[in-house]
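**Student:** All chains should be modelled from the sequences, with the hints used to inform the complete structure.
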Amino acid sequence: MSLQINTNVMAINAQRNLAVTNKEMGNLFEKLSSGLRVNRAADDAAGLAISEKMRAQIRGMKQGLRNAQDGVSMIQTAEGAMSETHAILQRMRELTVQAGSTHLSASDRLAIGEELVTLRSELDNIATRTRFNGLSLLTGALSVVAGGTLNGLATLDTGVTVTTTVEGRDVNPADTFTVAGAGSDVTITNTTTNVSQTITAQNMTGTTLGETQLLDFDALGLRLHMDVTTAGAGPFTAAAYATDVNAETLTLTGDGNATFRVGPDAGDNVVVGFTDIQSSALGSGGATNLDGLIVDNTALSSVAKSDVLLASIDAAIDQVSNQRAKLGAAQNQMESAINSLGVSVENLSASESRIRDADIAEVSSRLVSRQIMQQAGVAVLSQANTAPQAVLQLLQG
Numbered sequence: 444m445s446l447q448i449n450t451n452v453m454a455i456n457a458q459r460n461l462a463v464t465n466k467e468m469g470n471l472f473e474k475l476s477s478g479l480r481v482n483r484a485a486d487d488a489a490g491l492a493i494s495e496k497m498r499a500q501i502r503g504m505k506q507g508l509r510n511a512q513d514g515v516s517m518i519q520t521a522e523g524a525m526s527e528t529h530a531i532l533q534r535m536r537e538l539t540v541q542a543g544s545t546h547l548s549a550s551d552r553l554a555i556g557e558e559l560v561t562l563r564s565e566l567d568n569i570a571t572r573t574r575f576n577g578l579s580l581l582t583g584a585l586s587v588v589a590g591g592t593l594n595g596l597a598t599l600d601t602g603v604t605v606t607t608t609v610e611g612r613d614v615n616p617a618d619t620f621t622v623a624g625a626g627s628d629v630t631i632t633n634t635t636t637n638v639s640q641t642i643t644a645q646n647m648t649g650t651t652l653g654e655t656q657l658l659d660f661d662a663l664g665l666r667l668h669m670d671v672t673t674a675g676a677g678p679f680t681a682a683a684y685a686t687d688v689n690a691e692t693l694t695l696t697g698d699g700n701a702t703f704r705v706g707p708d709a710g711d712n713v714v715v716g717f718t719d720i721q722s723s724a725l726g727s728g729g730a731t732n733l734d735g736l737i738v739d740n741t742a743l744s745s746v747a748k749s750d751v752l753l754a755s756i757d758a759a760i761d762q763v764s765n766q767r768a769k770l771g772a773a774q775n776q777m778e779s780a781i782n783s784l785g786v787s788v789e790n791l792s793a794s795e796s797r798i799r800d801a802d803i804a805e806v807s808s809r810l811v812s813r814q815i816m817q818q819a820g821v822a823v824l825s826q827a828n829t830a831p832q833a834v835l836q837l838l839q840g
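When you read off a place in the sequence shown, starting at 1, and then add 443, the result is the number in our numbering.
Hints in this document: simulated from the structure, not taken from any laboratory.
Mixed in with the good hints there might be a few duds.
Think about it this way: if two alpha-carbon atoms lie no more than 20 Å apart in a straight line, the pair counts; the simulated SDA-like pairs of lysine to any residue are [stated by the list, open to error]: (1) LYS769 to LEU838; (2) LYS466 to GLN818; (3) LYS466 to GLY820; (4) LYS769 to SER526; (5) LYS748 to ARG534; (6) LYS748 to ASP734; (7) LYS505 to ASP734; (8) LYS748 to GLN533.
Each pair of labels, with its calculated beta carbon distance range [said to hold, decoys possible]: (9) ASP487 to SER779: 34 to 42 Å; (10) ARG498 to ASN449: 49 to 57 Å; (11) ARG502 to GLY523: 48 to 56 Å; (12) SER516 to GLN814: 48 to 56 Å; (13) SER808 to ARG509: 39 to 47 Å; (14) ASP750 to GLN519: 34 to 42 Å; (15) LYS496 to GLY785: 14 to 22 Å; (16) LYS466 to SER779: 49 to 57 Å.
Since the structure is predicted, the reported quantities are computational estimates derived from the model, not experimental observations.
For each residue, glycine too, the CB sits at the ideal point set by N, CA and C.
**Tutor:** Spelled out as structure tokens, the structure:
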């Protein structure tokens, strides 16, 4: 073995190994202080990519769980109000049955009528007061819209546009509708911003046409109408379109703004419709709804009136019962989603932890080993630094 004093190879080797040990100790201290096995992509590139996807799913599930809990609270708010609505309807029915007897005097009937008017007013008050986070729940603002019928065509000259309406239907933003009928345009107009979109259903002779379109507006306040035009010579009668357009239906399916994202991905939604339970929407329909039959204290002025009102109240009770049943089913669905999401979050978090988190026992054991190596390295480096001094003895001798 040759001896040099200009270059101490042993010291350089000891320094390099000591530097490697110090770097490993730094990484181990970082893992212990952070609790993570993967602190950067260099620690485990594939593990980092997989764990980040899992983190996205976990955080999405946690938010979906909170959304579902909000949905349950919203449903419970509406259902609680409808419980009181049911109680009022039962009292109204009790009074109406009482008025079905002929032994009551006219003043008795007026007194009963006064209570009916008060009860009907409270029905409307409950509906308008029931809100969740500023959203009105029981006034129809969040209803899933039903179908409407197109009508009102007439005989006109060539080139004249016939405009018909879908009666009594409110259209919300992002509603989906199906056009059934050839040779027609369907236009939805936003009355707030005067923006409109038109869907043209192409004329297909002998073919039943069904075309679904999705329109999206920035605000509420929409009107829906259908235009029918012809391009030929001479007059035409709309009756020629009767099998295609007149009395055709539009099926409107609105998201009703009561959509709850109960999962981490698009489409993980629960849609809940909240029916209008104001007196104008409860009853046998039209003029025989409660608001039409209970106008003043003469609502029960005769047995005949009590019979009509009794049928309307029974229909109203059925409507509220059906809506409460739907809300109950939706609540059960959301509570099932909450339970499922809780289990999924737990399992996925465990999987992500196995990839990302540090095994403290294993890291501590490795740190002790590296500390011993560091002490040994320092001792070896000290000896390597003194090795060239042996050359001095040769020079002195």
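**Student:** Mind checking the alpha carbons of LYS466 and GLY820 for me, to see if they're no more than 20 Å apart?
**Tutor:** Cα-Cα ~13 Å, so holds.
**Student:** Cβ-Cβ distance between ASP487 and SER779: within 34 to 42 Å?
**Tutor:** The hint (34 to 42 Å, Cβ to Cβ) holds, given that ASP487 and SER779 are roughly 36 Å apart.
**Student:** For the pair LYS466 and SER779, does the Cβ-Cβ distance stay inside 49 to 57 Å?
**Tutor:** holds, 51 Å
**Student:** Starting from LYS769, check that the Cα of SER526 is at most 20 Å away, please.
**Tutor:** holds, 14 Å
**Student:** Is the distance from the Cβ of SER516 to the Cβ of GLN814 consistent with 48 to 56 Å?
**Tutor:** holds, 55 Å
**Student:** Starting from LYS748, check that the Cα of ARG534 is at most 20 Å away, please.
**Tutor:** Roughly 17 Å between the alpha carbons, so the hint for LYS748 and ARG534 holds.
**Student:** With a cut-off of 20 Å on the C-alpha distance, tell me whether LYS748 and GLN533 pass.
**Tutor:** holds, 18 Å
**Student:** Look at the Cβ atoms of ASP750 and GLN519 and judge whether their distance stays inside 34 to 42 Å.
**Tutor:** Since ASP750 and GLN519 have Cβ atoms about 37 Å apart, the given range 34 to 42 Å holds.
**Student:** Is 14 to 22 Å a correct range for the gap between the Cβ atoms of LYS496 and GLY785?
**Tutor:** holds, 20 Å
**Student:** Sort out whether GLN818 lies within 20 Å of LYS466, counting only the CA atoms.
**Tutor:** holds, 14 Å
**Student:** If you check the beta carbons of SER808 and ARG509, does the distance land in 39 to 47 Å?
**Tutor:** Holds: the Cβ-Cβ distance is about 40 Å, inside 39 to 47 Å.
**Student:** Using the Cβ atoms, figure out if ARG502 sits within 48 to 56 Å of GLY523.
**Tutor:** violated, 32 Å
Going through the hint list in order, the structure does not satisfy hints 1, 7 and 11.
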